Amino acid sequence: MIKESQFDAHNANQKYTVDSGDYFIRYIPAGATFRFVDLEGNQAADTLFYNAHHPAERYSATDTIREQGNVYLTAGSQLRSNENQVMLEIVADTCGRHDTLGGACATESNTVRYDLEKRCMHACRDSWMLAIAEHPEFDLDKRDISHNINFFMNVPVTSAGGLTFEDGISAPGKYVEMKAHMDLIVLISNCPQLNNPCNGYNPTPIEVLVWDTHH
Amino acid sequence: MKQYQTVIPPASHWSFRMRRGTQLTLTDVEGGANVGMVFYNPENLLERYNAPDTLKAQHTFKLTKGHCLYSDMGRIFASIIEDSLGWHESVCGNSHASHIESQWGKRDYQQDRNNWQQNGHDAMLVEMAKYGLTQADITANLNLFSKVETDDEGSMTLIEQHSKAGDHLTLRFEMDTLVILYTCPHPLSQADHYPRKPISLRLEKALPVADDDLCKNSRPENQRGFANNSLYHFGLEA
Chain A
1 MIKESQFDAH NANQKYTVDS GDYFIRYIPA GATFRFVDLE GNQAADTLFY NAHHPAERYS
61 ATDTIREQGN VYLTAGSQLR SNENQVMLEI VADTCGRHDT LGGACATESN TVRYDLEKRC
121 MHACRDSWML AIAEHPEFDL DKRDISHNIN FFMNVPVTSA GGLTFEDGIS APGKYVEMKA
181 HMDLIVLISN CPQLNNPCNG YNPTPIEVLV WDTHH
Chain B
1 MKQYQTVIPP ASHWSFRMRR GTQLTLTDVE GGANVGMVFY NPENLLERYN APDTLKAQHT
61 FKLTKGHCLY SDMGRIFASI IEDSLGWHES VCGNSHASHI ESQWGKRDYQ QDRNNWQQNG
121 HDAMLVEMAK YGLTQADITA NLNLFSKVET DDEGSMTLIE QHSKAGDHLT LRFEMDTLVI
181 LYTCPHPLSQ ADHYPRKPIS LRLEKALPVA DDDLCKNSRP ENQRGFANNS LYHFGLEA
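As you go down the protein sequences, you meet chains A and B in turn.
Start counting the first sequence at 1; every next residue gets the next number (full-length UniProt numbering).
Start counting the second sequence at 1; every next residue gets the next number (full-length UniProt numbering).
So here's chain A without its partners, still in its complex pose:
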């Protein structure tokens, strides 16, 4: 569902550019609204969310999918935790659909998907490993690296039970915006994948804007 934002980018309290292949990890307080912008189009933002006070409670694809009775994410989707609580809600979306089935690329899964010799190519789960290693203050470890959201990615399911990876929903400047319902840790790998069309074989930067109501 296409829904424009009520917020003006010029009024954002915080603004970050996440370069292609980099990670982003930040606290986002309850009540804040934040936006991911696909600056050049066709990028995939592989994202995980945690309860900032208790990271074992975190985004759960299965709880989210089950409670909304739908495999895609868009405006109106409530993103749920593994305790089946609403962590955040998508309040605006100019892309229309985001994936929560396909997971993140890893050097290990790249060997299966593409070629055994692709194991040394940069991949999202390695970006997350670096993020948690460089930021011990968030108290995350490998067990917390779980089933993520791929913002801007299109992974249609067919009625016959197939799964396809398709290009062409996102474009330069498209965005998705969320409201935090609890204090969150947001962890993004801005996908470096070079082997499939999820980012047009050309990883590009994304932007993160935050409107923090506490300011």
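Keep in mind that a hint or two might mislead.
Derived list of chain B stretches under chain A, where covered just means 3 residues or more per stretch with a C-beta under 8 Å from a C-beta of chain A [what the hints assert, rightly or not]:
id	stretch
1	49-55
2	70-80
3	94-101
4	150-161
Hints listed in this document are in silico derivations from the structure and should not be mistaken for laboratory results.
Computed from a predicted model, the values in this text were never measured in an experiment.
For each residue, glycine too, the CB sits at the ideal point set by N, CA and C.
Please build the complex by placing chain B on the supplied structure of chain A, with the hints as guidance.
Only chain B this time, still in chain A's reference frame:
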């Protein structure tokens, strides 16, 4: 022991270690069963079943004969070598106590004793805790014997009574695997009464994986998955 056979009662949970080269056959005794299942590597519990890798590596939403069940480390825990159903799902997760209560009423052990209405989430946590695994280790599980279809907009429907009495599937284990399972209802079940469905379970030695093995050759991805397992077992092969 050449073979082991048992029945897991309804609303129950159990776990066991399967060795590489053994197989597990699950049979729906009465029809309408659901088995929640998840895998961990007993040598390194940080390696676990990964639903996204499993689905995307094989370009499938459903799981059936010929499919392999992957870990997050590019390896195959198990191959589905037999399946009379054609569709098992891996995206709906577990029921919570709140689902059970809103659908079928609050559980009451004093009244129900072992006929209590257990939920999948608690069943999973209890069984995981026996290995030091916690809520942080919860990952997307399989719901075996359950079929969930989607329409063009992605809306899902659980196909009730998908599995009939006698329906079965066989998992052949390609590496040592900690199996955690429960026999609680599918989280989307709208049945009038709490579905109380036992599952029969048989463990036995598997035949060696032949060069023309269906699961290994169903996709080039699976050939590479088997190659990763082979590397993991380097030094152990005859």
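Query raised in the report: Which of the stated hints cannot be reconciled with the structure, identified by number in ascending sequence?
Result: none
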